[in-house]
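Asks: One-letter residues, chain by chain:
2 protein chains.
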Amino acid sequence: MRSTPLPDLAAVEAAAARLAGRAIETPLLESPDLDARAGARVLIKAETLQRTGSFKFRGAFNKISQLPRGAEGGVVAFSSGNHAQGVAAAAQMCGLPAAIVMPADAPAIKIANTKGYGAEVIFYDRFGTEDREQLAMRTAAERGAALVKPFDDPDIIAGQGTIGLEIARQSQARDATPAIVLAPCGGGGMIAGCATALTALIPGVAIHAVEPADFDDTVRSLAAHQRLRNPPGRTTICDALMGPTPGELTFAINDRLLAGGLTVTDREVQSAMAYAFRVLKLVIEPGGAVALAAILAGKIDLRGRTTAIVCSGGNVDPTTFAAAIALPEET
Amino acid sequence: MRSTPLPDLAAVEAAAARLAGRAIETPLLESPDLDARAGARVLIKAETLQRTGSFKFRGAFNKISQLPRGAEGGVVAFSSGNHAQGVAAAAQMCGLPAAIVMPADAPAIKIANTKGYGAEVIFYDRFGTEDREQLAMRTAAERGAALVKPFDDPDIIAGQGTIGLEIARQSQARDATPAIVLAPCGGGGMIAGCATALTALIPGVAIHAVEPADFDDTVRSLAAHQRLRNPPGRTTICDALMGPTPGELTFAINDRLLAGGLTVTDREVQSAMAYAFRVLKLVIEPGGAVALAAILAGKIDLRGRTTAIVCSGGNVDPTTFAAAIALPEET
Numbered sequence: 561m562r563s564t565p566l567p568d569l570a571a572v573e574a575a576a577a578r579l580a581g582r583a584i585e586t587p588l589l590e591s592p593d594l595d596a597r598a599g600a601r602v603l604i605k606a607e608t609l610q611r612t613g614s615f616k617f618r619g620a621f622n623k624i625s626q627l628p629r630g631a632e633g634g635v636v637a638f639s640s641g642n643h644a645q646g647v648a649a650a651a652q653m654c655g656l657p658a659a660i661v662m663p664a665d666a667p668a669i670k671i672a673n674t675k676g677y678g679a680e681v682i683f684y685d686r687f688g689t690e691d692r693e694q695l696a697m698r699t700a701a702e703r704g705a706a707l708v709k710p711f712d713d714p715d716i717i718a719g720q721g722t723i724g725l726e727i728a729r730q731s732q733a734r735d736a737t738p739a740i741v742l743a744p745c746g747g748g749g750m751i752a753g754c755a756t757a758l759t760a761l762i763p764g765v766a767i768h769a770v771e772p773a774d775f776d777d778t779v780r781s782l783a784a785h786q787r788l789r790n791p792p793g794r795t796t797i798c799d800a801l802m803g804p805t806p807g808e809l810t811f812a813i814n815d816r817l818l819a820g821g822l823t824v825t826d827r828e829v830q831s832a833m834a835y836a837f838r839v840l841k842l843v844i845e846p847g848g849a850v851a852l853a854a855i856l857a858g859k860i861d862l863r864g865r866t867t868a869i870v871c872s873g874g875n876v877d878p879t880t881f882a883a884a885i886a887l888p889e890e891t
Numbered sequence: 561m562r563s564t565p566l567p568d569l570a571a572v573e574a575a576a577a578r579l580a581g582r583a584i585e586t587p588l589l590e591s592p593d594l595d596a597r598a599g600a601r602v603l604i605k606a607e608t609l610q611r612t613g614s615f616k617f618r619g620a621f622n623k624i625s626q627l628p629r630g631a632e633g634g635v636v637a638f639s640s641g642n643h644a645q646g647v648a649a650a651a652q653m654c655g656l657p658a659a660i661v662m663p664a665d666a667p668a669i670k671i672a673n674t675k676g677y678g679a680e681v682i683f684y685d686r687f688g689t690e691d692r693e694q695l696a697m698r699t700a701a702e703r704g705a706a707l708v709k710p711f712d713d714p715d716i717i718a719g720q721g722t723i724g725l726e727i728a729r730q731s732q733a734r735d736a737t738p739a740i741v742l743a744p745c746g747g748g749g750m751i752a753g754c755a756t757a758l759t760a761l762i763p764g765v766a767i768h769a770v771e772p773a774d775f776d777d778t779v780r781s782l783a784a785h786q787r788l789r790n791p792p793g794r795t796t797i798c799d800a801l802m803g804p805t806p807g808e809l810t811f812a813i814n815d816r817l818l819a820g821g822l823t824v825t826d827r828e829v830q831s832a833m834a835y836a837f838r839v840l841k842l843v844i845e846p847g848g849a850v851a852l853a854a855i856l857a858g859k860i861d862l863r864g865r866t867t868a869i870v871c872s873g874g875n876v877d878p879t880t881f882a883a884a885i886a887l888p889e890e891t
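Chains as they are written, first to last, in this note's numbering: chain A, 561 to 891; chain F, 561 to 891.
Please keep in mind that the hints were generated in silico from the structure rather than gathered at the bench.
Misleading hints may appear alongside valid ones.
Identical chains share a label here; the pair holds if one copy fits it or two copies do between them.
[What the hints assert, rightly or not] Below, computed lysine to any residue pairings styled on SDA-like, alpha-carbon distance capped at 25 Å:
1. K859 <-> P628
2. K859 <-> S563
3. K675 <-> I740
4. K859 <-> E808
5. K675 <-> Q694
6. K859 <-> R578
7. K675 <-> L569
8. K859 <-> D877
9. K675 <-> G633
10. K675 <-> E702
11. K675 <-> D593
12. K859 <-> F683
13. K675 <-> A596
14. K675 <-> P763
15. K859 <-> T564
16. K859 <-> A784
17. K859 <-> E573
18. K675 <-> E590
Based on the sequences and whatever the hints tell you, model everything.
Replies: Structural data, given as structure tokens:
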């Protein structure tokens, strides 16, 4: 029995009001080349250009800005990197201390940026026996701090959902109505928030989660209508999308609102990063490029159907980026 | 005696009307990190996101779309790369054949993209005795084609000036008024067009040309109030800004309207490219990054003065980009 109420359109709109002037309203871009490849108008929500380089700031600020008075113990979060930066920046903006539990093998740029926002970083071993969630909870309890979960929280979901609000409004401003929306899916918070807003505003829109082929927990869970886990021991270039299983709240939303899911290989993700470099001139991290990869790899027939995709983050190490853009162009 | 009339604000506005729905209205971005470094609000005109990956499409389309009937001989241009792509794409859109004279050592991505827009590429040796302009003129005469100059043409200048129009309008929409504008300068067409629009719309705005230290012809010419040449045999990472001397028309405008000029070293340009990768998540080519480099290297005191910069293009080879982002971060 789930006791937490799910966020609705009003919750996303309230989050948008809190984020006004704090988060960047990221542009909705278009590329003639991508339109020609897809055979459809493709609207690119460049959330790479968000404060902290990913969408995670939206949910973090929506959550942290609502903490009650007396939250001087600050906040604690666990994250592979983008949530860490989002929480650190939001806490700094709210004048609260932040401690972040991060995997020791997180991209160096994400670790450095998290520290750059004034947060303390506590490392755990991703492949060890230590449970990062328990470590974060113990740290929060010791410090009297609030735990800011990465996705399974109504305020986080509503904050990320402001991306969906902006897609709807920005599309309308250019006389476009997305029939299809593709968004990356890790724990599922961002796509759940977007689906909450978009299905309320655009009747009939088909929203698809995109996951790495070896971390397709949501895709399989959607098909089975129950939360399934990824087998242990797998890895992917998409460090931001390596969660073990869909969230409880996020899956309750996604199972009801999503049209389905798609998967992409790491090689397809690298090709999409290279395409974004070469044609779109955007820096997109692996996990942020999966929706673009799904289009470029032809995983869904878009012909004639206006499509919006979320490019969710751009925090990628130079070596990882250089390796992707050095690969020979596929035809 | 110069017989060609210089473009005015009305010419830039007419160009904007021709470009509506053809060129992309590129976003004016902001970065909290860059604002903090500059001590001022910095508005980033991301012309990297323009059709063909640089601003050059604007001028080329403004020119080519006005060619008289009977222009079936098509167009010929000479260019290190970005003008080539702009002309090729504009000609393709207008249904005209294009032949482009390019240096044999132009970035491979610029050559490939030019061919991708259906243009024929004719190579010349940048360090040889062959004069690219004469080669282009002979080719145009042989084919009955129109020569589309890279910068020293009123229609080209007016087309590039639509960047200035957009900066003025987009700034106003966010309650900002630039006191300072920094823009890259090669032949000077883009900054001349921007200055034409911006000085008419924002009284007192101080516009500075930014050039590579070893190709500072405009900076020195502005100081001397006469057109000076760069010494031969020099090179720079900024392949888009390697012209020998300011244009006749462009310098007539720039000498009258610009506040002055700044120079940046290749190393400062690489640092700016790395910063754009790491913080802004934008792919900027060397020549497109000089204005950003001038801010990051502290070449001008912006404190408290709202500043707009043009990041003019993103067509850079993977190896050049990888080398820039691999450099150690400067503090």
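Asks: None of the hints should be skipped; say for each whether it holds.
Replies: Hint check results:
1. K859 <-> P628: neither (45 Å within a copy, 45 Å between copies)
2. K859 <-> S563: neither (37 Å within a copy, 58 Å between copies)
3. K675 <-> I740: Close neither inside one copy (38 Å) nor across copies (33 Å); limit 25 Å.
4. K859 <-> E808: neither (27 Å within a copy, 53 Å between copies)
5. K675 <-> Q694: The answer is within: 22 Å in one copy meets 25 Å, while 57 Å across copies does not.
6. K859 <-> R578: Answer is neither: 37 Å inside a copy and 37 Å across each miss the 25 Å cutoff.
7. K675 <-> L569: Cα proximity of K675 and L569: none, with 34 Å in one copy and 48 Å across.
8. K859 <-> D877: neither (27 Å within a copy, 28 Å between copies)
9. K675 <-> G633: Cα proximity of K675 and G633: one copy only (18 Å, versus 60 Å across).
10. K675 <-> E702: within (21 Å within a copy, 63 Å between copies)
11. K675 <-> D593: Between. Shortest inter-copy distance 14 Å satisfies the 25 Å Cα cut-off; intra-copy 38 Å does not.
12. K859 <-> F683: neither (37 Å within a copy, 39 Å between copies)
13. K675 <-> A596: between (42 Å within a copy, 17 Å between copies)
14. K675 <-> P763: So K675 and P763 fail the 25 Å test inside a copy (42 Å) and across (42 Å) alike.
15. K859 <-> T564: neither (35 Å within a copy, 54 Å between copies)
16. K859 <-> A784: within (20 Å within a copy, 60 Å between copies)
17. K859 <-> E573: neither (32 Å within a copy, 43 Å between copies)
18. K675 <-> E590: between (34 Å within a copy, 22 Å between copies)
Violated hints, listed in ascending order, are 1, 2, 3, 4, 6, 7, 8, 12, 14, 15 and 17; each of the other numbered hints is respected by the structure.
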